[in-house]
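There are 2 protein chains.
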Amino acid sequence: MDVLESYESVVASTRTRLARNFADYPFPNILLRDAHAEEQAGEIVSIVSAELKRMDAFRLYEMSNVSEETAALLQEKNLISRDLIANSPISAAIISEDESISVMVNEEDHLRVQYFMKGLDLNKAFERVSGIDDIISDTIPFAYDSEYGYLTACPTNLGTGLRASVMLFLPALSRRGVMKKTAPALSRGGLTVRGAAGEGSGTEGDFFQVSNEMTLGLSEEDILYRVQRAVETLTELEIRERMCMKAEGGISLFDEIGRSYGILLGCKKITAQELALRVADIKLGLALGYIEGERDGEKLIGELDDFMVRMRPANLKRLSGIKLDGEERDAYRAKEAAEAVKAMNLYLW
Amino acid sequence: MDVLESYESVVASTRTRLARNFADYPFPNILLRDAHAEEQAGEIVSIVSAELKRMDAFRLYEMSNVSEETAALLQEKNLISRDLIANSPISAAIISEDESISVMVNEEDHLRVQYFMKGLDLNKAFERVSGIDDIISDTIPFAYDSEYGYLTACPTNLGTGLRASVMLFLPALSRRGVMKKTAPALSRGGLTVRGAAGEGSGTEGDFFQVSNEMTLGLSEEDILYRVQRAVETLTELEIRERMCMKAEGGISLFDEIGRSYGILLGCKKITAQELALRVADIKLGLALGYIEGERDGEKLIGELDDFMVRMRPANLKRLSGIKLDGEERDAYRAKEAAEAVKAMNLYLW
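Chains as they are written, first to last, in the numbering used here: chain A, 1 to 349; chain B, 1 to 349.
The hints are simulated quantities; they were obtained by calculation from the structure and are not laboratory data. Glycine residues also receive a C-beta, built at the ideal position from the N, C-alpha and C atoms. Be aware that one or more of the hints could be misleading.
What the hints assert, rightly or not - Which bits of chain B does chain A cover? Going by a derived footprint, with three or more residues having C-beta under 8 Å, they are:
| # | segment |
| --- | --- |
| 1 | 173 to 184 |
| 2 | 244 to 254 |
| 3 | 258 to 266 |
As the list claims (entries may be wrong) - Pairs of lysine-lysine residues, derived as DSSO-like cross-links and limited to a Cα-Cα distance of at most 27 Å, are as follows:
| # | chain 1 | residue 1 | chain 2 | residue 2 |
| --- | --- | --- | --- | --- |
| 4 | B | Lys118 | B | Lys299 |
| 5 | A | Lys323 | B | Lys246 |
| 6 | B | Lys246 | B | Lys299 |
| 7 | B | Lys77 | B | Lys53 |
| 8 | A | Lys335 | B | Lys53 |
| 9 | A | Lys317 | A | Lys246 |
| 10 | B | Lys335 | A | Lys246 |
| 11 | B | Lys246 | B | Lys342 |
| 12 | B | Lys124 | B | Lys180 |
| 13 | A | Lys246 | B | Lys323 |
| 14 | B | Lys246 | A | Lys335 |
| 15 | A | Lys299 | A | Lys124 |
| 16 | B | Lys124 | B | Lys77 |
| 17 | B | Lys124 | B | Lys181 |
| 18 | B | Lys335 | B | Lys299 |
| 19 | B | Lys180 | B | Lys118 |
| 20 | B | Lys335 | A | Lys342 |
| 21 | B | Lys342 | A | Lys342 |
| 22 | A | Lys53 | A | Lys77 |
| 23 | B | Lys124 | B | Lys53 |
| 24 | A | Lys118 | A | Lys77 |
Just chain A, same shape as in the assembly (with noise of 0.2 Å):
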């Protein structure tokens, strides 16, 4: 198989972010701390929001008037952080249509613009985020030092403010336990490899999230380059891995996945942390070829990814309707597990 043929199967997605301060007013903990900054702060929403409007569709959420259960939901979606939210008095969010696109405001730097997209396109990526970054600093000009770089709140982010990650899905990497010799070999180079749920998160679903540790001292090309060959060589290893899973897994490896698939079809109660066990199997069966469906493993193995965000805490609740206690969640998300496996119409080999 060649390699660059199989990203889709271990690629699921690709995030650039710019950090950004302006020049002319102090740093969001600064404005935090100053009562009297409020109309600053307000300022610096007001100015980046009408340039991104008049660019295309964005949806403004000014954090003090946004409800508990729309940050939460935004939050699950990676659009805004938990730092915005505590930020809330002078934070704001600034959304495109398709929520490719989050500006954050007054978060830890006065801008942290963010790009998403589905697969592998870092340049693609970075291009949508420098674009925003452009329009802006038309505008106002950002704090810039010519040794340093932009300058930001926290000196990890100095210098390009540029963080590009890939998650990837790497279930025999990990499963394996390849994943914790590669850990270090990544970060000699700059780079950090970490769980999908976040700094200090597990390995739940065996997502495994790449990034640029460093933002000083390279170019954004260079870091760019780097994340690529990271994400070359993790999908080469991953593939290689897969087939000697396969070749030495046998029968007990296709057990274990068709079990998964049993129970998400047959279970009638279901925790958040099994169900991504099981969707994980499901995907690793359908890399595999132990499953198969009408469309493409690769177009299934999205279509997991998609439901999974779905069943995150803040869009069950929306998705149900009604705010449900623990057992009763596990009752829903084992319905909607059932019917989105029926759905897809797999075929056990």
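We have chain A; now place chain B onto it with these hints.
Relative to chain A, chain B alone:
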């Protein structure tokens, strides 16, 4: 629900057995030890076989000529016993074409006349063995004592020589710990209850066999009446316990059953023990109305019982056509289970 109507979801089968010995021949254990008694043993086989063949379509299996494979198959179907196989130099089985009647010759006693039927009908089952008994006793006299009744090799069968037993599916009583308390009460009434796979067996598949312990000092009618009463009581208790189980079990019970259903559909290997547990779950699901099929639940429960007989080792070997090793057998079992469950078109509420 009327208890009488619910027998079908509780009673699997009825079995009767008469132990008889001919007055003019030594007991089989003597025949076996005496090298010169082969002729006498052969005479018994010939006489019984000739009488039965006049009556109906019977097939004679002289155990000395029967392959190990066939013997295992007949034993799995409960048509012959381990003791009959052990006595192979002198023993034989005469089995009706529909396999409802099996007469073992020169087992522990000269004759063990057995009748097996699905469902509950102790009187019919007794009439059948009794009919065979009459035909044979017309030809040669049985060993009979006016005080003790029919004489047998082992005193536990002395008297009527009748054992009447009923196989019951008691998942609620078993899983809720009620059987442990019930067994001693039955014992005081001269009855015994034991796990399905025979003496000393566990309760895999939630099957229990109720039979009379005593054969002496009671008339045949008394024995049948006592077993019938015990079956009625256990059925009533089981139905009541199922109601409680459903009411208290809620979604956790349904989840357990649903997962077993899914696992049977999806697994790629399964041990005999796990299969028994999962199939018992499906049967319980049918009995509780958690699972429905195109046919009556009771009919499907019976079909699953038949399926389990086909999955016994010797049957499996005959079905698959080749000798399978442990893991291959688990794989074959999984394949058959998935097909059987699929063919039932079950619907999980």
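Hints, verified against the model:
no., hint, in the structure
1, 173 to 184, "violated (count 0)"
2, 244 to 254, "holds (count 3)"
3, 258 to 266, "holds (count 9)"
4, Lys118(B) / Lys299(B), "11 Å, holds"
5, Lys323(A) / Lys246(B), "26 Å, holds"
6, Lys246(B) / Lys299(B), "21 Å, holds"
7, Lys77(B) / Lys53(B), "22 Å, holds"
8, Lys335(A) / Lys53(B), "59 Å, violated"
9, Lys317(A) / Lys246(A), "38 Å, violated"
10, Lys335(B) / Lys246(A), "20 Å, holds"
11, Lys246(B) / Lys342(B), "25 Å, holds"
12, Lys124(B) / Lys180(B), "30 Å, violated"
13, Lys246(A) / Lys323(B), "26 Å, holds"
14, Lys246(B) / Lys335(A), "20 Å, holds"
15, Lys299(A) / Lys124(A), "21 Å, holds"
16, Lys124(B) / Lys77(B), "21 Å, holds"
17, Lys124(B) / Lys181(B), "31 Å, violated"
18, Lys335(B) / Lys299(B), "22 Å, holds"
19, Lys180(B) / Lys118(B), "26 Å, holds"
20, Lys335(B) / Lys342(A), "20 Å, holds"
21, Lys342(B) / Lys342(A), "14 Å, holds"
22, Lys53(A) / Lys77(A), "22 Å, holds"
23, Lys124(B) / Lys53(B), "21 Å, holds"
24, Lys118(A) / Lys77(A), "13 Å, holds"
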